[in-house]
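Using the hints, position chains B, C and D with the ligands against chain A.
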Amino acid sequence: MIDIDGLSRRYGGAISALDDVTLHVGRGEFVFLTGPSGAGKSTLLRILIGQEVPTSGRVVVDGKDLSALKPADIQRYRRTVGFVFQDFKLVPRKTVFENVMFALRILGVPDVQQRRKTFQVLKWVGLQHRATAYPIELSGGEQQRVAIARALVNEPVLVLADEPTGNLDPDLAIEIMDLFRDMNAGGTTVLVATHDRELIRRVGRRTVALDHGRIARPA
Amino acid sequence: MIDIDGLSRRYGGAISALDDVTLHVGRGEFVFLTGPSGAGKSTLLRILIGQEVPTSGRVVVDGKDLSALKPADIQRYRRTVGFVFQDFKLVPRKTVFENVMFALRILGVPDVQQRRKTFQVLKWVGLQHRATAYPIELSGGEQQRVAIARALVNEPVLVLADEPTGNLDPDLAIEIMDLFRDMNAGGTTVLVATHDRELIRRVGRRTVALDHGRIARPA
Amino acid sequence: MIGGLTYFVDEGWTSFWRGRGASILSLLTIAIAVFVLGLLLIVGGHARRTIDQWSRSAELSVYLADGATPDERSAVERALRAEPAVIGIDVVSKAQALARFRRDFPDLAPATAQAPDNPFPASFEVRLGASSASGAALDRLAARLATMPGVADVRFDRRWLDRLVSLGEFVRWVGFGLTAILVLAAALTVTNVVRLSMHARRDEIEIMTLVGAPMAFIRGPFVCEGMIQGGLGAVLALGALYAGMALAAPHLSAMAAGLFDLGAIRFLSWTAMAGLVAGAMAVGCLGGLVAAWRTARPR
Amino acid sequence: MIGGLTYFVDEGWTSFWRGRGASILSLLTIAIAVFVLGLLLIVGGHARRTIDQWSRSAELSVYLADGATPDERSAVERALRAEPAVIGIDVVSKAQALARFRRDFPDLAPATAQAPDNPFPASFEVRLGASSASGAALDRLAARLATMPGVADVRFDRRWLDRLVSLGEFVRWVGFGLTAILVLAAALTVTNVVRLSMHARRDEIEIMTLVGAPMAFIRGPFVCEGMIQGGLGAVLALGALYAGMALAAPHLSAMAAGLFDLGAIRFLSWTAMAGLVAGAMAVGCLGGLVAAWRTARPR
Ligand SMILES: Nc1ncnc2c1ncn2[C@@H]1O[C@H](COP(=O)(O)OP(=O)(O)OP(=O)(O)O)[C@@H](O)[C@H]1O
Ligand SMILES: Nc1ncnc2c1ncn2[C@@H]1O[C@H](COP(=O)(O)OP(=O)(O)OP(=O)(O)O)[C@@H](O)[C@H]1O
Ligand SMILES: [Mg+2]
Ligand SMILES: [Mg+2]
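Here the protein sequences come in this chain order: A, B, C and D. Residue numbers for the first sequence follow this note's numbering, so the first one is 59 and each next one is one higher. Residue numbers for the second sequence follow this note's numbering, so the first one is 59 and each next one is one higher. Residue numbers for the third sequence follow this note's numbering, so the first one is -9 and each next one is one higher. Residue numbers for the fourth sequence follow this note's numbering, so the first one is -9 and each next one is one higher.
With the rest of the complex left out, here is chain A (with noise of 0.2 Å):
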């Protein structure tokens, strides 16, 4: 699914966070992504949807080349992906329930089962009762579980997430991380930036360590 190789990003001359990464996830796996404080984790996972470009190396996700994908073709290929964004990244003149709902809007799914679907998806992250609010009255889990809700509502081939659980309580954090395997097990690819090592011990799948732009321990 994922083929990152020789995969370099500098800022400007001296910041140099990702590091010659080589990388292999395949279709239908589930893997961690960690390490500490501007190891990288972010930068890769904006690569992986176009967010931000290499410096040098390749990209190649789910046969198609990032770097040669022409800018309506980036957008098309977003709408496959599932992005939870360290940030939320939530509109913040859309309420709850339309900003999960755009993410199937855009893919011309009919009315009804835009709001059938978003409906369900929201029910699944605990937040049905704040389908009308706006992300400004929602606590920091409640955003971090919406912008989750929109990764997960258009059922993608591969979702990444960055650093989903960081506003969750462990018990939360389990139950989202329940919904990510719920995902996986229905054939998504699944690749989830994490500093939580509880966490990641609980879940136990192959976990990748980034440090200082480097894979410190490949998997």
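Hints were generated in silico from the structure; no laboratory data involved. Glycine residues also receive a C-beta, built at the ideal position from the N, C-alpha and C atoms. There's no promise every hint is true.
What the hints assert, rightly or not - Listed below are several chain C residues computed to face chain D (Cβ distance under 10 Å; list not exhaustive):
#1 T19
#2 I22
#3 F25
#4 V26
#5 L29
#6 L31
#7 P60
#8 G167
#9 L237
Stated by the list, open to error - Across the chosen pairs, the derived CB separations fall in these ranges:
#10 C:G167 x D:G229: 56 to 66 Å
#11 B:S125 x A:I194: 14 to 24 Å
#12 A:D269 x B:R260: 42 to 52 Å
To be verified - With a Cα cut of at most 30 Å, we get these calculated DSSO-like pairs of lysine-lysine:
#13 B:K128 x B:K147
#14 B:K147 x A:K147
#15 B:K122 x B:K181
#16 B:K147 x B:K122
#17 A:K147 x A:K128
#18 D:K84 x C:K84
Showing chains B, C and D with the ligands alone in chain A's frame:
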């Protein structure tokens, strides 16, 4: 230091973020505030810097009844408190250095001291090498550490931290907690909201648990 | 496609409505531009009409030789009627000219009575309408008339006429220039306002882009919002202009009473109003387009 | 206090400079307002001067009785010179008047030769300058002159004079109205732009407020930024206006050649320019103040 008495905070009519909370934190104490997502931790802290007003109940900090303060007095009071926001709240158009220094600037500290102190605190959180970067160029954990640096730089009498280690790896989280403990040892009162049971366990201080806006385990 | 359009309009309107505070400001800015433009159009229209009216009182006199035959007279009259600038002809006979002189100079009346013949020539007194070409054309006409058989002399008051024609021309040019600048100003302002409001919402745009929304999905609502702002702004401006004119009209009429003969002060024509609204919407749309294209990029 | 001021200006400038993209847009908007205003001032000034010049050619004729004594003549002349609207007096003797008539009506020359006396009166031909009061004042002057001993008749071409005076008045009013509207428009636009840019930065303001910055610390830089935008915008507009006039001047002069006698086309005076820049800065400052007060609140 903090006297909360019968504090309630309702949103609209349906949502009750805090419900009859009574809590006393003595001068020089170090208290953890915990509880599941949406329990009301952030709401409580926001009330403590006057960002939100209680629906009912009384809040007295350092002898000042917050609801009786005039706007200019609130600003003066806030300058004596160090607050770490759950969503960091860094000024995007200021560099890391400027973001931290700002807290000293508004105190009227002489320019040279501003710079020296800012640099020193950035070193504490391990970000001296990123001083000239803008927040958007930082990783999530780095942003969080800038927020922490800003809260500590003016040596406040009270530190309120909302989930200050959610984006940090466990080792770094302990280091930051050591900073808070050092401040605390110097006489600063510290109140930290967190989900991280492991962290609470390792620091081992008084813990107050909230659930659905009520104190679940008073201490 | 219809679904897409509905989506754009829906989203554009929702976005406009939720951001009322800021939207009203952009709307007001557009309204001001349209207001000034409309005012300029009205004032310019009245100024042109007034100048036309004044210059209608400019006169050309063709004095006929005493021996002019009826054929020669009618040839002259035909030549005059063929000229588009000519808008009225008074025929003054020798007897009428004499009577007029006696009336104007009563002291000289006895002298004319002693004269062997009526010394005053018959003439055509011609009223001229101003048009931008009339200066040169009238010079040619005068020259041609002067050489026609039966014509003794041709005179006309070029000085005032030229002034009025050039004043009219000047007013037209200045009006044109001001209008061009204002349209440019309005377009720039609207673009700026839309860009600023997009700037304020660049996070939103970035997020939608990152979630994989097609560019049209992101840009469409902004374009619609620009059009809504432009349209509403123009309607508001026209309303304010109408109200303002209604309030100011008595005052203006009193000031201009008798001098301008404006008749009732006229508001903009329906076509002009429709044009302004359409123009404002087009400008808003353009602003939205420019803004959307510059702010919303896939990377 | 001085430290505070330096801080405001510093921060205002830094903020302006870092937000160049959006700042340039606000600046442009202000520049457009100042440009249009400046243009209006220039055009208005020239229009008024032209009308003054034209009306200077308006004439008043005072015909003297044949038996007027030198004392009476000089009394009339003194009365004329005392009138501020009078800007020139030509004395026409009876002989000159006769000669003029003979020149104008050669056919009638023999008749006048037969007349027992020279029937033409001596006169003062008076050139008048227009001023807003001159219509009524001249009516009074004419009435007074008519009753003076030695005066046979007073005539003046009220029609053109009145038109010019009222045209001048009208131009002044319209100019005044347009200017007022434009100043309002500029102020509103700047306020809107500053508010929009503050709206775009409300997070920043909120953060500074929550960290406990004194309100003046938060608002000051925004006010300064508004002033900087206003000042730079005005300077830019004046530069553009000057360049535009330099380019357009030959064309305009050719168009107006001989007709307007404008002399060289004049740019705005230094005081007018200083006023515009100061005004734009004041407007920018006001915009910043309004915006800052409405957006930045402790809670
Ligand atoms: N736009 C940028 N300009 C300069 N440096 C950047 C930029 N974005 C990221 N970096 C740097 O690259 C490094 C890796 O950042 P990244 O966000 O990938 O870290 P991370 O592993 O996600 O850390 P965290 O766990 O704290 O979120 C960091 O040191 C960061 O400062
Ligand atoms: N402005 C608001 N309007 C409506 N409801 C709000 C608002 N702010 C907070 N709430 C609600 O109040 C409750 C408590 O929120 P709070 O942010 O205090 O939770 P928290 O304990 O900090 O949770 P987390 O651990 O997820 O950050 C939540 O259910 C939230 O949705
Ligand atoms: Mg990260
Ligand atoms: Mg919280």
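Hints, verified against the model:
1. T19: 5 Å, holds
2. I22: Since the shortest Cβ distance to chain D is 4 Å, the answer is holds.
3. F25: At 7 Å from the nearest chain D Cβ, F25 of chain C passes the 10 Å test, so the hint holds.
4. V26: Status holds, d = 6 Å.
5. L29: Holds, about 7 Å.
6. L31: Where the cut-off is 10 Å and the nearest Cβ of chain D is about 12 Å from L31 of chain C, the hint is violated.
7. P60: This hint is violated: P60 of chain C lies away from chain D, its Cβ roughly 22 Å from the closest one there, beyond 10 Å.
8. G167: 8 Å, holds
9. L237: Result: violated, 12 Å to nearest chain D Cβ.
10. C:G167 x D:G229: 56 to 66 Å: 18 Å, violated
11. B:S125 x A:I194: 14 to 24 Å: This hint holds: roughly 23 Å between Cβ atoms.
12. A:D269 x B:R260: 42 to 52 Å: 23 Å, violated
13. B:K128 x B:K147: Given pair K128 of chain B, K147 of chain B holds - Cα atoms ~24 Å apart, limit 30 Å.
14. B:K147 x A:K147: It holds: about 14 Å lies between the C-alpha atoms, which stays within 30 Å.
15. B:K122 x B:K181: 34 Å, violated
16. B:K147 x B:K122: 25 Å, holds
17. A:K147 x A:K128: Measuring from Cα to Cα gives roughly 24 Å; hence the hint holds.
18. D:K84 x C:K84: 28 Å, holds
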